[in-house]
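Enquirer: Sequence order for the protein chains is G and Z. Quick note on numbering: the first sequence equals residues -3 to 109 in the numbering used here. Quick note on numbering: the second sequence equals residues 124 to 232 in the numbering used here.
Incorrect hints may appear among the rest.
Said to hold, decoys possible - Cβ-to-Cβ under 8 Å is the rule here; a few derived chain Z residues that face chain G:
id, residue
1, Ala152
2, Tyr154
3, Ser169
4, Leu172
5, Ser176
6, Leu220
7, Phe222
8, Gly225
9, Arg227
10, Gln229
11, Val230
Don't read these hints as lab results, they were simulated from the structure. If you're wondering where the values come from, they're calculated on a predicted model, not measured in any experiment. Here a beta-carbon is modelled for each residue, glycine too, at the ideal position from N, C-alpha and C.
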Amino acid sequence: DARVTQTPRHKVTEMGQEVTMRCQPILGHNTVFWYRQTMMQGLELLAYFRNRAPLDDSGMPKDRFSAEMPDATLATLKIQPSEPRDSAVYFCASGLPPTVLYTFGSGTRLTVV
Amino acid sequence: KQEVTQIPAALSVPEGENLVLNCSFTDSAIYNLQWFRQDPGKGLTSLLLIQSSQREQTSGRLNASLDKSSGRSTLYIAASQPGDSATYLCAVNTDKLIFGTGTRLQVFP
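Could you put the whole structure together from the sequences, leaning on the hints where they help?
Expert: This is the structure:
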């Protein structure tokens, strides 16, 4: 089965460090989402891309977060500098709208201490 | 701004019961609606996708309906089993996926 691959699965880092999370979307999918999930806020959309172009990153704190798609097989989410409040699970999803189901990766569990 | 609400927030039932999970959204201008399942500590698994022109989709013991004009979707689970225990999330697609708050389901033997 085709799957969305996220790395790393877990990351523990100290406050102030840079964190980079990676996502490999399913081949042929042209839309990629980044979400953050916490107990308090649920699933929040941070940014999304179509055909590698950013469509909306209004959910992302611009001063410390950045999202890119350097090519069709890789999406990255970077936090610099990281803060304890960034601790969450970050999910990537890909799809081919309007008919193809969106598929989610297993997530990156980030802990900032 | 699109808002998606799910009720109930939590549900605990004995095995064998038929269940109804509700999802409501404020803006009916959607392309489709998708139901997901999430097990504790895991990612999201897609269950059903209903296009805006459809009224219903079925997969095994799951049936999802969509009433776009009233901003509602229902997930019906027949003959629930302990393996159905998970959090169920609905998401509306307005070109981006907006998620509801989820219903945490526990089915006990």
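Enquirer: Grab the minimum C-beta distance from Arg227(Z) to chain G and call the hint holds if it beats 8 Å, violated otherwise.
Expert: violated (11 Å)
Enquirer: With chain G as the partner, please determine if Val230(Z) meets the hint condition of a C-beta pair closer than 8 Å.
Expert: violated (22 Å)
Enquirer: Taking 8 Å as the limit, does the beta-carbon of Gln229(Z) come near enough to a beta-carbon in chain G?
Expert: Since chain G brings no Cβ nearer than about 17 Å to Gln229(Z), farther than 8 Å, the hint is violated.
Enquirer: Classify the hint on Phe222(Z) as holds or violated, based on whether any CB of chain G lies nearer than 8 Å to its CB.
Expert: holds (4 Å)
Enquirer: Quick check on Ser176(Z) please, does its C-beta sit within 8 Å of some C-beta on chain G?
Expert: violated (10 Å)
Enquirer: For the hint on Ala152(Z), just tell me whether its beta-carbon gets within less than 8 Å of chain G.
Expert: violated (13 Å)
Enquirer: Restraint: Leu172(Z) near chain G, CB-CB cut 8 Å. Satisfied or not?
Expert: Because about 5 Å separates Leu172(Z) from the closest Cβ in chain G, which is inside the 8 Å limit, the hint holds.
Enquirer: Quick one, is the Ser169(Z) hint okay against chain G at 8 Å, beta carbons?
Expert: holds (5 Å)
Enquirer: Tell me if the interface restraint on Gly225(Z) is satisfied: Cβ within less than 8 Å of some Cβ in chain G.
Expert: The hint holds - Gly225(Z) has a Cβ within 8 Å of chain G, the shortest such distance being about 7 Å.
Enquirer: Given a cut of 8 Å on the nearest C-beta pair, is the interface hint for Tyr154(Z) held or broken against chain G?
Expert: At 5 Å from the nearest chain G Cβ, Tyr154(Z) passes the 8 Å test, so the hint holds.
Enquirer: Interface hint check: Leu220(Z), Cβ to nearest Cβ on chain G, cutoff 8 Å. Holds or violated?
Expert: Hint holds; Leu220(Z) Cβ to chain G Cβ min 6 Å, cut 8 Å.
The earlier numbered hints that this structure contradicts are 1, 5, 9, 10 and 11.
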